[in-house]
Every structure is written in C-alpha cells, then in structure tokens.
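Student: Single-letter residue listing:
Protein chains: 2
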Amino acid sequence: MNFKNLDKSTTFETIKSLAKINLQDSLNPERIQTYQIKTGAGLTYNYAAMPVEESHIQAMQTLSEELQLVEKYQAVLDGQIMNPGENRLVLHHLTRGQIGKQVVADGEDKGEFYKAQLSRIAEFSKAVRSGEIVGSTGKKFTTVVQIGIGGSDLGPRALYLALKGWADASAIQQLNAKFISNVDPDDAQATIEELDFERTLFVLVSKSGTTLETLTNRDLMIQAIKESGVKGIDPAKHLVAVTSKTSPLASSSSVLDAFFIDDYIGGRYSSSSAVGAVILSLAYGFDTFKAFLDGAHESDVAALNPNVKENAALLDALIGVYLRNVLKYPSTAILPYSQALSRFPAHLQQLDMESNGKHVNRDGQTLSYPTGPVIFGEPGTNGQHSFYQLLHQGTDIVPLQFIGFSDSQYGKDIEVEGSTSQKKLNANLVAQIVAFAQGKDDKNPNKQFSGNRPSSLLYAKQLTPEVLGALLAHYENKVMFQGFTWNLNSFDQEGVQLGKVIATKVLKGCEGDQILKAFADLL
Amino acid sequence: MNFKNLDKSTTFETIKSLAKINLQDSLNPERIQTYQIKTGAGLTYNYAAMPVEESHIQAMQTLSEELQLVEKYQAVLDGQIMNPGENRLVLHHLTRGQIGKQVVADGEDKGEFYKAQLSRIAEFSKAVRSGEIVGSTGKKFTTVVQIGIGGSDLGPRALYLALKGWADASAIQQLNAKFISNVDPDDAQATIEELDFERTLFVLVSKSGTTLETLTNRDLMIQAIKESGVKGIDPAKHLVAVTSKTSPLASSSSVLDAFFIDDYIGGRYSSSSAVGAVILSLAYGFDTFKAFLDGAHESDVAALNPNVKENAALLDALIGVYLRNVLKYPSTAILPYSQALSRFPAHLQQLDMESNGKHVNRDGQTLSYPTGPVIFGEPGTNGQHSFYQLLHQGTDIVPLQFIGFSDSQYGKDIEVEGSTSQKKLNANLVAQIVAFAQGKDDKNPNKQFSGNRPSSLLYAKQLTPEVLGALLAHYENKVMFQGFTWNLNSFDQEGVQLGKVIATKVLKGCEGDQILKAFADLL
Chain A
1 MNFKNLDKST
11 TFETIKSLAK
21 INLQDSLNPE
31 RIQTYQIKTG
41 AGLTYNYAAM
51 PVEESHIQAM
61 QTLSEELQLV
71 EKYQAVLDGQ
81 IMNPGENRLV
91 LHHLTRGQIG
101 KQVVADGEDK
111 GEFYKAQLSR
121 IAEFSKAVRS
131 GEIVGSTGKK
141 FTTVVQIGIG
151 GSDLGPRALY
161 LALKGWADAS
171 AIQQLNAKFI
181 SNVDPDDAQA
191 TIEELDFERT
201 LFVLVSKSGT
211 TLETLTNRDL
221 MIQAIKESGV
231 KGIDPAKHLV
241 AVTSKTSPLA
251 SSSSVLDAFF
261 IDDYIGGRYS
271 SSSAVGAVIL
281 SLAYGFDTFK
291 AFLDGAHESD
301 VAALNPNVKE
311 NAALLDALIG
321 VYLRNVLKYP
331 STAILPYSQA
341 LSRFPAHLQQ
351 LDMESNGKHV
361 NRDGQTLSYP
371 TGPVIFGEPG
381 TNGQHSFYQL
391 LHQGTDIVPL
401 QFIGFSDSQY
411 GKDIEVEGST
421 SQKKLNANLV
431 AQIVAFAQGK
441 DDKNPNKQFS
451 GNRPSSLLYA
461 KQLTPEVLGA
471 LLAHYENKVM
481 FQGFTWNLNS
491 FDQEGVQLGK
501 VIATKVLKGC
511 EGDQILKAFA
521 DLL
Chain B
1 MNFKNLDKST
11 TFETIKSLAK
21 INLQDSLNPE
31 RIQTYQIKTG
41 AGLTYNYAAM
51 PVEESHIQAM
61 QTLSEELQLV
71 EKYQAVLDGQ
81 IMNPGENRLV
91 LHHLTRGQIG
101 KQVVADGEDK
111 GEFYKAQLSR
121 IAEFSKAVRS
131 GEIVGSTGKK
141 FTTVVQIGIG
151 GSDLGPRALY
161 LALKGWADAS
171 AIQQLNAKFI
181 SNVDPDDAQA
191 TIEELDFERT
201 LFVLVSKSGT
211 TLETLTNRDL
221 MIQAIKESGV
231 KGIDPAKHLV
241 AVTSKTSPLA
251 SSSSVLDAFF
261 IDDYIGGRYS
271 SSSAVGAVIL
281 SLAYGFDTFK
291 AFLDGAHESD
301 VAALNPNVKE
311 NAALLDALIG
321 VYLRNVLKYP
331 STAILPYSQA
341 LSRFPAHLQQ
351 LDMESNGKHV
361 NRDGQTLSYP
371 TGPVIFGEPG
381 TNGQHSFYQL
391 LHQGTDIVPL
401 QFIGFSDSQY
411 GKDIEVEGST
421 SQKKLNANLV
431 AQIVAFAQGK
441 DDKNPNKQFS
451 GNRPSSLLYA
461 KQLTPEVLGA
471 LLAHYENKVM
481 FQGFTWNLNS
491 FDQEGVQLGK
501 VIATKVLKGC
511 EGDQILKAFA
521 DLL
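Chains as they are written, first to last, in our numbering: chain A, 1 to 523; chain B, 1 to 523.
No wet-lab data here; the hints were simulated from the structure. Among the clues, some could well be false.
With a cut-off of at most 25 Å between alpha-carbon atoms, the simulated DMTMM-like pairs for lysine to aspartate or glutamate come out as follows [what the hints assert, rightly or not]:
hint, chain 1, residue 1, chain 2, residue 2
1, A, K517, B, D25
2, A, K423, B, D196
3, A, K164, B, D196
4, B, K440, A, D363
5, B, K178, B, D287
Keep in mind it's a predicted model, so treat the numbers as computed, not measured.
Model the full structure from these sequences, guided by the hints.
Tutor: What follows is the structure, given as structure tokens:
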C-alpha cells in the first residue's frame, strides 16, 4: 500500500482545478433522485445539495483509487496494524461481524473473542432482565447506571436515547439507564438523588481499569450506598465491569462480573463492543442490541464497494474533504430532525474531532493542509429557532448534514391545520435544504439569502435499532476514509495527554510552577 | 450617536497593526492576577491567557469610545429604538431592574409593566407551591411542563438544569420541570409517557400565540389528557400561557391564567422575563428566581463602566472581535467545568449565533468583514476525553471560554488519591488553560503541542442563582457589545423566515415546485 499526503496527489490537483458548482443553478429533481446511495438497513445518503457534479465525482473516484482508500479499509478488516502510532490493530468492525480475514492477535482469534464476550453479555443481560440475577437484598434490578467517560459515555448514552421511543412503542421490557461521566462530584450526586440502590446495577467502564474520573465516581457511589443505611446491601453485587482482561478490575472481587474489551478498539469506536453491549442489552434486551449490530454490519459491508457512486461512506468522506480542503469551510453542522437523536451530534463531535483533529500524518510528519473540521449540532426543528440564523445569513458558510425519517418512533401524532406533526417536521427539513441551496433575492439585503450553502441528507423509513447501527457505522467509516485521505492516524489521540500530565502537577501542588499556582489560586 | 462599520474605524486599523502576542512567552503569574475583572455577584472574567497586552487593551479602550459602545448600551437602557429592523425597543435589561431613564411605550411605563407581571408570577407560583391552586381533580401540582421552542425553551431549560443541584442541596421545595419543544411528535410523546396529568401544570410560551410547533404540542398534550381516561380532568385548568397581551391566548378560556411579555424582548433574551420567571418560580420558588434577577442586574450595572479594564462584558466582547476580525478564528468553544451547565453552551449558541450571525449592518448594507462566530461546547472534564484532541492538535485554532467554580453545588465529595473530585475538576481546568497556552515541545511531532491557543476563564465561588444571573447577563451584554462593534442589529432574526415560508409551501403540496416535491418524496 502507498501512503502519501493529500497534497502529493496529482488527482487532488485536478479536483482543485475543476469548476465550482453553484447550487442555485444546479439543483434539480433529477439530481435529487439520482444523487443518492443506499447503505445499511435502507439508510440512504443523498448529496443532491452538495456542490459537486459528474466531473467532481469521477475525479473523486480516481482519487479514491490513487490513495487506495478501500484497500486501506480492507487492511483494517484484515487485521493489519492500521493504528501505527500505538502499533495496534483497529478492530471495531469485527464486533459487528467478520468481513475480512481471520484476525489473530494476543494468541487468540479476535472474531471469536468478541463473539464470546457478546454471548456472555446475552446470557447475563437475559438473567438480569428475567430476575434470575437480582440485587444483594433480593430485589429485581430496574435501573442500570453506566460509569464511564468519553467513548464509554457519549456513544452509549446517545444510542440509549435514540432507541427509547422505539422501545416504548414496541412494548419492550426496559431497564431504566443512567450515565455518570464527569469528575464534577455534582454529576454523580444528581444521579444518586434519583436511585434506589437495591434495584440498581452499575456498569463500570474503563479499558485500563485505572481511569481516574471513573474510579472516583465508582468510589463516590460505593460511599453513597454505604451511607444509605440499607441493611445487608453489598456494593460488589451491584457492580459489573467492562474492562480489558489484564486490568485490575478483570478478576476483582469488588465486582459481580466482568466483560472484556481490548486495545484494538478505541473509546470513540467502542459502542458496538462490550462498552455499548452491556448497558444496551440490559436496557432493551440483547435482541435489540443484536439488531443494532446487524445494521452496522450492513453499512460496513457497503463501505467496501470500490465504486464511489455506490459507497455512501466513501463519497460522503470525499465530498467532506472537498468542502474542507478546496472550498476551505472550517466546520460542519449535524442536524437530525429527530428528537431521539438529541445527543447523537455530541457523539459524532467526539468521533470526528478526536479522530481527525490532527496536525501530523501517520508517520508523524507535520501536515500542510487542514484536517478534521469543527463538528457541532442540535436537533431540528429546534435549531431553526436558534443558530440557523447564522447558517442562513452569517458571513461564513457552514456545510450541513441533515438526518431524517419518514415515520416517527411512537407513531402517536395529531393533525393540526391539515398536517401531522411528523409531516410538519419533514416539511421543515425539506424546506431548509432548499432554502440553504437556493436562497432568495430581496431588495432589502436584510431579507436576502445568498443561498449556495451545501447540505446532504441521510434518511430512512424509521429510526429502528438496525437503522441506528447503519447510521453509526456510516459515520465511523466516513471518518476513517477521511483519515486515510488526509494520510493521518484516526485511531490515536496524543492530544489528550498533555492536559493529564499538567493536571497531575496541579494536584501535587504545582511543583514550583508559578503560572500553574497563580491559576490554581483563583479557584 | 454615530453608527459606522468596523472597517471605517481608524482605531481598528491601529489594532490590526499591533504586534501579535505569543502566549507561550507572555503568560506569567502577574498577568493572571491583574488581567481580570469582577462583574455581577462576584463572577470574575480572567483574560490572562488571551493574546492581548497593554497596547491592545488601550487601543480597545479607544475603539470603544470611537464606536460609542457604552453610549449605545445606555441608549438601550433608556428605551431608544435599538432594534431598527423591527422598529422596536430592546428592554430585557429592564426585567432585572431600572438602570436607565423611565421607558414609556404602548402607553405604559414598561418598568412598571414588567414589575407587575413579576408580582403576579410571584403570587401565582406561591399559590401553586403551597397547594392553594391545585389541579382540576383536586390534586397538588408536582410537575410543570414548559411548551415552547427556541428562546422559550433553551434558556429556561439551561437555567433549570443549572440550579437543580443548588436547590437539592439547599433543601428547597421543588416542582419537577420538563420541556417540550420540537415539532417531532416523539418529543411530546416521550414526555407524556412520564406524566401524571392530574398533578401536571403546563406552561405554554408563545409571544404571538400562533407559533405552530407550540400550538401543535399543546394540542397533542390536550389529546393525551383526554385519552388518559382520568375522570373529570379539565385541560384548561392545567394550562397557563406566557404570551403578549394582544395574542389569542391572552384572554382565552382554554387557559387558567396568562402572564405577559411584549415585543421589546426577543426570544433569546427572554429568560429573565415571564418566559423564564413562570417555570423557574414554580420549580424553585420566586425567591430563587429573584436572586437570579439580582445577579443579572449587577452584571448589567457593571457593563455600564466606560473603562474597558473594569467592564468584563465589554472587554470580553472586544477581545472576541480581535480574535474574529484580526486573528480570523471562525469559531469559539464554551467549556463549563460544571455538569450543572450541561445545556448552557446550547443556550449561548442560540444567543450568540442568532444575534450576530448577520451579513448586513444595522442599515441593511452588506458587511465586508466576518461577524458572529460558530459557538459550540460541552462540559469539562467530559470534553477532554472527546473533542479536545482537535482543540489541542488540530490544524485550526479555536479560542476557548472556560467557566469554573471553587465549590460544587451539592458539597458531597470524596477524597481519592489525596484529592477531592472538585479539586480534580479544577486541577483539570487550570491544566487545560496552561496546556493550550504554553503547549509542549517534543521530538516526536505527534506528541508536540504548538500552544499559543487562547482561552479566557469566567469563575465564581459557587454556581448559585445570583451567579447564574450574572453569568447569563455577562454573555447577553458581551453579544450586544459585539453587535455594536460590528455595527449590526443583534435583535432581529430575518434569517429564520425563509425556511418557514418554504415549509408552508411543502405542507400545501409544493405548489408545482418540482425540486421541493422531489425532496419531499424522499421522506
């Protein structure tokens, strides 16, 4: 395989020289029907309102081949060391199903390892949900609390919220799920106020078993349980761990059970591993989680197609690079028209910005072009009454990614002024895409919309577990392809280290560093 | 008063020509102690890690005088028409107290009008909380649900969450508050699933009384109440309105009572009006809300100081303009080290982007310089495990605004490895400021931090109602001063109109617009 920086690509020079598209002129019904690609579980990527046409797409096809983007993905699937900085394999796809070669590492078949953990989680969650496994005072568990931070928090939390309405409407037995992440003691305390400890199972997630925030929050929780005065309650019987086999938590008597992850799945890619599996299987049942994995697997398979016109994640990635490196847009908004996806943008913010917010290439050499953009977003229609003002009429252009569904999750609706709420929701979504692309002329510049503001749309019939899996995998694969295009390592995160080192110095009394001391004295 | 575009200012030309500061060299303990300004309720703005020094600050003082920034604020307070596009006064400061001249409009003293509404809200909330006013089946209200969108949602929701821990710790009697905003029917339905209608009071917030999302969600709620089968329940006795005097809701028999707002307070500035007052007084008591207003009033008074070194909002605004228009940074992150402020960045996103995301000046002429930046953020320490990678090592620089408190709200903590959680939280905050400013050299470029990444810090002893008010008003005034500096109207929002118009066309069957129809057919 060849690894070269994007500015060494001859195709990229061609792409830069292609004529720029004005969406006001080019958007038409035919484009809307043909500029789209199906990925997993019926999820479809529509790029009709993106500033590309046939010539760009053909050049992106050539770029993909020149940079061997699909071959690099195949190398990930086949278990090559694609996280060079940490000398690790990248195996999150394998938690959804085997696509590439058998992967052997640490003396074991990793596909079998993930499958075995999943079976254990299926069994455990079934036993908890049926009441076979109960709390230490004999009461059935009704609440499950995940204690973890970063990837152990944002992904599982976003997915839990995304499936709540679907599970309610499907009359699925549920355990209530809560999440504690922040080292701010108020985060744990606010949750403690709401808990019945006898009926609560905690899931402690830390790969190393040493994450300070997470262990501290565990200790806060154990202290609260002890102070609760419940007779005979044993915290160890209310706690399971998700950790690596070699961590101090793996075989600790302080936990009821432990489920294993390994070094080949980064935190932000861990939702489909035991990190997401335990809490989501407990909350909604293992079958729901399995359906989510199946949808993700379908998107993973679809992402292997070498034809950019048939590979949603790949084309989404390349258009994103075009927006970033040719049109020079510094940020992207994620706008789901679905309240269930309220925290999904926060997860994607982590996924994208932690993966591709890098200034060096995979060999550690400084890059001379922009990489990952700032990612932010909130659900529509709420955002329309808020920050959309800047998106429509601000001085900078912000590319947009809309997400929408034909049907609501609950299916409970009302007709007001001739239309249902779901219909209104989607009418707004469509209207926004067109308003951003076409704009509107007006004699009064204050009522003028310049238009030509690009957006794409990811849509499906309904937000089900399968579709959610397909959606998550689409973004994971998009981010991966962009990392390959920028020739950087999307799977390490050296940028989070310095803060940790300095925080330790502050906690030790600043060791004579006057600047640290002066700041610390303020607080 | 003179109104001129920023690029017509001679002082601004001077500022552009000043030497750029490198924070790695200039950050020192003396700066940390002196580069700070107190505003309301002890809240302090520290700008030691911002790329300015004495020469910049002096030039900003001159710029402030040249552009008459404080005089323009005084004109707002005195009731001049400072929202020229809509020909309206701008009176949100007056809800917190009278600072300027007596303001008469619509034939009434507006200060007296806001005070009268506040008294009515005090009385009403007291009667509900004491059980004097009960539901239609005789049961005491325990839950209050705000139905509103945009400014009627984000601000009150963020403030409610911000005070929950404080209220818990203060053993204040509480009504549980919930919020429904999105026209997505799943938003309402998810809340309905959790409600005991007999004990629920709805607060319907719509200035015009015609906001489609809000009226639709009201109707969904009334339908659910009727379908609940509760005998003798009367929805009209479970609903109050916050609206304008002339709205159809004002004297409707479909509501128990109505509290009034007017056209002189925009949605995003309405948290300190009846829009925030009703729900927050019901949830936490009127005294709590009054303390919040008092804190805001203190910041409002502090923002009148003509000396930029003594006016936190003014200097924060001018440094922000420097970052945007001289250093050309397109976005800003808001990073509260307090889980209680989890939704505060979303509110500030609206406040800032809707106010200053404009491309024309106050006279409707196109501007030739960048205005409002993209605003985003999540609480720390969570973000450290997420998007901070890009903030530290990405190819673009993102200025940061940290928020921190010496003490937690609950005061419940634990010592692990020699420090409490609160201490760890603040050690991390301090460490981040220093890491961003100073960076770190390393032979391995992947472990290299270039530093010189600017940040400021807003801090106080604890997040109390007073401090929360001071914090909110600080940002409102900052955004206002930036709008003056850019010579735009921060108080209208023409950019939200086009989407509404097109959405109506879609709902009417697209009226022969083939592009709309093609998109609508997808969903």
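Student: Give a verdict on every hint.
Tutor: Verification of the hints:
{"no.": "1", "hint": "K517/A with D25/B", "in the structure": "holds (17 Å)"}
{"no.": "2", "hint": "K423/A with D196/B", "in the structure": "violated (28 Å)"}
{"no.": "3", "hint": "K164/A with D196/B", "in the structure": "holds (19 Å)"}
{"no.": "4", "hint": "K440/B with D363/A", "in the structure": "holds (19 Å)"}
{"no.": "5", "hint": "K178/B with D287/B", "in the structure": "holds (20 Å)"}
Comparing the model with each earlier hint shows a violation of hint 2 alone; every other hint is respected.
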